[in-house]
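S.K.: Residue-level listing of the chains:
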Amino acid sequence: MSSQARAQPVAAAGFDVLKVRADFPCLQQEIHGRPLVFLDTAASAQKPNVVIEAQADVLRHSYANIHRGVYSLSQRATELHEAARARVQRFLNAASHREIVFTRNATEALNLVAQSFVRPDLRPGDEVLITGMEHHANIVPWQLLADAGLKLVVAPISDAGELLLPEFERLLSERTRLVSVTWVANALGTINPVERIVELAHARGIPVLLDAAQAVQHIPVDVQAVDCDFLVFSGHKLYGPSGIGVLYGKAARLEAMPPYQGGGDMILSVSYAHTEFQDIPHKFEAGTPAIEAAVGLGAAIDYVTGLGLDAIAAHEADLLAYATRALQQIPGLQVVGTAREKCSVLSFVLDCAHPHDIGTLLDLDGIAIRTGQHCAQPAIERLGHHATARASIGLYNTEADIDALVASLRRVVAMFS
Amino acid sequence: MSQAATIADEQDLIAEDFELFDDWRDKIEYVLDLGRRLAPLPAEHKIDANKVKGCQSQVWLVASLDQASGRLQIAADSDAFIVRGLIALLLRLYDARKPEEILANPPEVFERIGLGSHLSPTRANGLHAMIQRIRQIATGFARGAPIAAAG
Chain E
1 MSSQARAQPV
11 AAAGFDVLKV
21 RADFPCLQQE
31 IHGRPLVFLD
41 TAASAQKPNV
51 VIEAQADVLR
61 HSYANIHRGV
71 YSLSQRATEL
81 HEAARARVQR
91 FLNAASHREI
101 VFTRNATEAL
111 NLVAQSFVRP
121 DLRPGDEVLI
131 TGMEHHANIV
141 PWQLLADAGL
151 KLVVAPISDA
161 GELLLPEFER
171 LLSERTRLVS
181 VTWVANALGT
191 INPVERIVEL
201 AHARGIPVLL
211 DAAQAVQHIP
221 VDVQAVDCDF
231 LVFSGHKLYG
241 PSGIGVLYGK
251 AARLEAMPPY
261 QGGGDMILSV
271 SYAHTEFQDI
281 PHKFEAGTPA
291 IEAAVGLGAA
301 IDYVTGLGLD
311 AIAAHEADLL
321 AYATRALQQI
331 PGLQVVGTAR
341 EKCSVLSFVL
351 DCAHPHDIGT
361 LLDLDGIAIR
371 TGQHCAQPAI
381 ERLGHHATAR
391 ASIGLYNTEA
401 DIDALVASLR
411 RVVAMFS
Chain U
1 MSQAATIADE
11 QDLIAEDFEL
21 FDDWRDKIEY
31 VLDLGRRLAP
41 LPAEHKIDAN
51 KVKGCQSQVW
61 LVASLDQASG
71 RLQIAADSDA
81 FIVRGLIALL
91 LRLYDARKPE
101 EILANPPEVF
111 ERIGLGSHLS
121 PTRANGLHAM
131 IQRIRQIATG
141 FARGAPIAAA
151 G
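So the sequences go chain by chain: E and U. Going by the numbering used here, the first residue of the first sequence is number 1, and it counts up by one from there. Going by the numbering used here, the first residue of the second sequence is number 1, and it counts up by one from there.
Rather than coming from a laboratory, the hints here were simulated on the basis of the structure. Please read these numbers as outputs of a predicted model, since none were measured by experiment. Certain hints may be false.
Okay, the calculated beta carbon distance ranges per label pair [claimed, not checked]:
hint: 1; chain 1: E; residue 1: 50; chain 2: U; residue 2: 128; range: 57 to 67 Å
hint: 2; chain 1: U; residue 1: 20; chain 2: E; residue 2: 386; range: 32 to 42 Å
hint: 3; chain 1: E; residue 1: 19; chain 2: U; residue 2: 36; range: 42 to 52 Å
hint: 4; chain 1: E; residue 1: 403; chain 2: U; residue 2: 64; range: 46 to 56 Å
hint: 5; chain 1: U; residue 1: 53; chain 2: E; residue 2: 195; range: 33 to 43 Å
hint: 6; chain 1: E; residue 1: 351; chain 2: U; residue 2: 16; range: 28 to 38 Å
hint: 7; chain 1: E; residue 1: 351; chain 2: U; residue 2: 19; range: 32 to 42 Å
hint: 8; chain 1: U; residue 1: 44; chain 2: E; residue 2: 19; range: 57 to 67 Å
In silico contact screen, one side only, chain U against chain E (beta carbon under 8 Å); selected entries [unchecked claim]:
hint: 9; residue: 2
hint: 10; residue: 6
hint: 11; residue: 20
hint: 12; residue: 22
hint: 13; residue: 24
hint: 14; residue: 25
hint: 15; residue: 32
hint: 16; residue: 38
hint: 17; residue: 41
hint: 18; residue: 57
hint: 19; residue: 80
hint: 20; residue: 81
With the Cβ distance kept under 8 Å, some of the chain U side facing chain E (calculated, not the full set) [to be verified]:
hint: 21; residue: 28
hint: 22; residue: 56
hint: 23; residue: 58
hint: 24; residue: 79
hint: 25; residue: 82
hint: 26; residue: 83
Where a beta carbon is used, it is the ideal one built from N, C-alpha and C, also for glycine.
Given these sequences and hints, build the entire structure.
M.R.: Now the structure itself:
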């Protein structure tokens with residue numbers, strides 16, 4: 001299946017990175033007089049022309065509020081919005097479009113699950129189990145339930161940044177209301193064994209949420225095959241617009257959940273005495289949504305599936321291996337996060353310079369990387385650092401980008417040694 | 001390097017120093033060099049209570065009022081050289097000045113030397129947070145009520 005396909009070297013077949021690169025106007029510029037080398041896709045991806053045009057086209061020709069208008073323009077906008085939902089459904093292989101809730105981003109989707117799934121019948125002492133490599137978005141929403149007595153339990157990770165599965169299994173208890181784990185760790189690049197995690201949790205009747213914010217752009221995702229109960233991701237990391245995200249939930253789960261927010265568009269009828277809610281997914285989509293962003297997300301999905309996620313994954317895996325080898329040749333450089341299964345992300349520190357210094361100097365060479373804690377402070381601290389520099393790879397990156405990074409890092413080392 | 005008589009004069013001197021560089025890279029390398037030459041803060045001051053929040057790197061800042069002269073004595077440090085360089089510039093402006101003088105002279109020189117964008121609270125370098133902390137401490141002393149967080 002997908003993992004088998006990933007192992008095959010399909011990059012050479014039909015994936016022309018230079019042609020792909022030309023689709024991204026933002027990459028065609030200079031910073032401080034040098035060609036931009038963009039290595040911060042894990043924070044947010046650049047947008048291809050088809051996404052920019054799809055959004056602009058809605059705004060120019062097909063824009064009106066959705067779901068209510070009887071006039072043609074509103075119906076056209078509604079059709080485009082719902083067609084985007086159908087694209088997300090196919091992209092995730094969800095059983096029904098009813099299982100696709102549009103949110104602002106993965107973070108909002110996590111908060112929705114916290115407030116509408118975990119909070120309603122939470123008893124003091126109930127637990128949510130996460131891992132030691134989570135983004136803050138998969139930590140803080142659960143901490144907001146502490147007032148109702150929720151206990152956040154963290155499964156430990158190894159020095160390499162891999163989940164310790166026996167420890168994880170031991171922490172599953174009759175108090176565990178939900179397992180919420182990242183598919184790919186944003187600060188370390190670790191790919192978690194999500195199929196096994198779901199299997200272990202389901203064996204005890206515990207539902208599982210997968211944070212796929214760093215996964216959907218790198219790994220073919222099939223929610224029915226992995227059998228997760230919930231899955232969240234953000235449009236902007238999938239080469240789509242910001243302001244649009246997705247919560248996938250099994251229909252039975254979503255149907256049983258009360259609404260997250262109240263307002264227009266999520267109701268069937270309203271009176272002062274009684275309000276009747278819409279069916280899923282609309283019950284969770286209060287207010288006018290990000291119409292053009294949803295359409296842009298649909299275009300982004302068409303774009304990446306057109307290139308082929310297996311081909312993208314193979315290209316990125318080749319580049320990550322190339323970058324890892326090259327960086328390890330730099331004196332005093334230590335890679336942070338050395339899991340056997342990794343994708344896209346290369347976190348590192350230099351013994352001679354702080355990540356902040358590295359990031360500032362690389363910017364002078366036109367190279368964009370992320371520095372700091374990557375919204376994953378506990379994970380970075382677990383591996384013994386206060387901050388790291390992080391280069392992350394997208395489908396448009398080339399060996400030349402990595403060569404520029406390495407050359408610039410060598411200049412940093414020379415400067416500080 | 002001796003300090004000018006007033007903060008305004010010191011701002012002019014810093015601006016003159018930066019006029020030597022027309023390349024952005026040279027300016028940043030100069031700031032890094034200032035950072036490498038900044039005297040380190042003694043380890044006993046590098047405690048959580050002295051940390052300036054809002055910085056990507058760790059920043060510690062201590063200040064006390066010299067009773068005889070009525071001037072603030074400020075020292076600060078960071079684990080990033082670029083931030084140490086910004087600290088060095090801030091200390092040229094504000095170390096050994098009277099609280100009222102500090103409050104009357106915002107660090108407009110950063111704008112003049114092309115580092116104005118670094119003053120924004122959204123920037124990760126913490127320059128804005130450090131200035132806020134210095135002004136907060138100066139305000140406390142100007143009112144004759146030194147705030148506890150100053151030490």
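S.K.: Determine for every hint whether it applies to the structure shown.
M.R.: These are the hints, each one checked on the structure:
| no. | hint | verdict |
| --- | --- | --- |
| 1 | E:50 <-> U:128: 57 to 67 Å | 39 Å, violated |
| 2 | U:20 <-> E:386: 32 to 42 Å | 34 Å, holds |
| 3 | E:19 <-> U:36: 42 to 52 Å | 45 Å, holds |
| 4 | E:403 <-> U:64: 46 to 56 Å | 51 Å, holds |
| 5 | U:53 <-> E:195: 33 to 43 Å | 41 Å, holds |
| 6 | E:351 <-> U:16: 28 to 38 Å | 36 Å, holds |
| 7 | E:351 <-> U:19: 32 to 42 Å | 35 Å, holds |
| 8 | U:44 <-> E:19: 57 to 67 Å | 59 Å, holds |
| 9 | 2 | 28 Å, violated |
| 10 | 6 | 31 Å, violated |
| 11 | 20 | 18 Å, violated |
| 12 | 22 | 13 Å, violated |
| 13 | 24 | 6 Å, holds |
| 14 | 25 | 5 Å, holds |
| 15 | 32 | 7 Å, holds |
| 16 | 38 | 14 Å, violated |
| 17 | 41 | 15 Å, violated |
| 18 | 57 | 5 Å, holds |
| 19 | 80 | 4 Å, holds |
| 20 | 81 | 5 Å, holds |
| 21 | 28 | 6 Å, holds |
| 22 | 56 | 4 Å, holds |
| 23 | 58 | 6 Å, holds |
| 24 | 79 | 5 Å, holds |
| 25 | 82 | 5 Å, holds |
| 26 | 83 | 6 Å, holds |
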